[in-house]
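Chemist: Sequence:
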Amino acid sequence: MKSELEKIPGVGPNMAAHLHALGFDTAESLRGQDPQALYERDCARCGGILDRCVLYVYRCAVYFAETPIPEPEKCKWWNWKDEPNQKEGAC
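Numbered by the working numbering, the letters in the sequence shown go through residues 1 to 91 in order.
To be clear, the hints were calculated from the coordinates, so they are not data collected in a lab.
For clarity, every value in this text was computed on a predicted model and none was experimentally measured.
Be careful, since some hints might not be right.
Computed list of lysine-lysine pairs in PhoX-like fashion (alpha-carbon distance at most 25 Å, straight line) [what the hints assert, rightly or not]: (1) Lys76 to Lys2; (2) Lys74 to Lys7; (3) Lys76 to Lys7; (4) Lys74 to Lys2; (5) Lys81 to Lys7.
Let the sequences and hints guide you as you build the complete structure.
Modeler: Dropping the structure here:
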């Protein structure tokens, strides 16, 4: 049975487990959250640097949670990558 979080585009069982570990059970519970802060908390929880794709999924998930009628292209996590001039980095 899928978790409530798996209804969010880009969130499968693994990412749902990450979000559950951070204390989130529904899309609604992500409203008002800072994706960067979620990523940093998750890095700390896991004891190391997580793939940047995790951050991109968090950006997408928060957008989806906060947007009544989300744009289809913004519901694809890969469209939430860093801008080319932003520094790739760790937590």
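Chemist: With reference to the structure, classify each hint as holding or not holding.
Modeler: Now for the hints, and whether the structure bears them out:
1. Lys76 to Lys2: Holds. Lys76 to Lys2 sits at ~19 Å (cutoff 25 Å).
2. Lys74 to Lys7: holds (15 Å)
3. Lys76 to Lys7: holds (13 Å)
4. Lys74 to Lys2: holds (22 Å)
5. Lys81 to Lys7: holds (21 Å)
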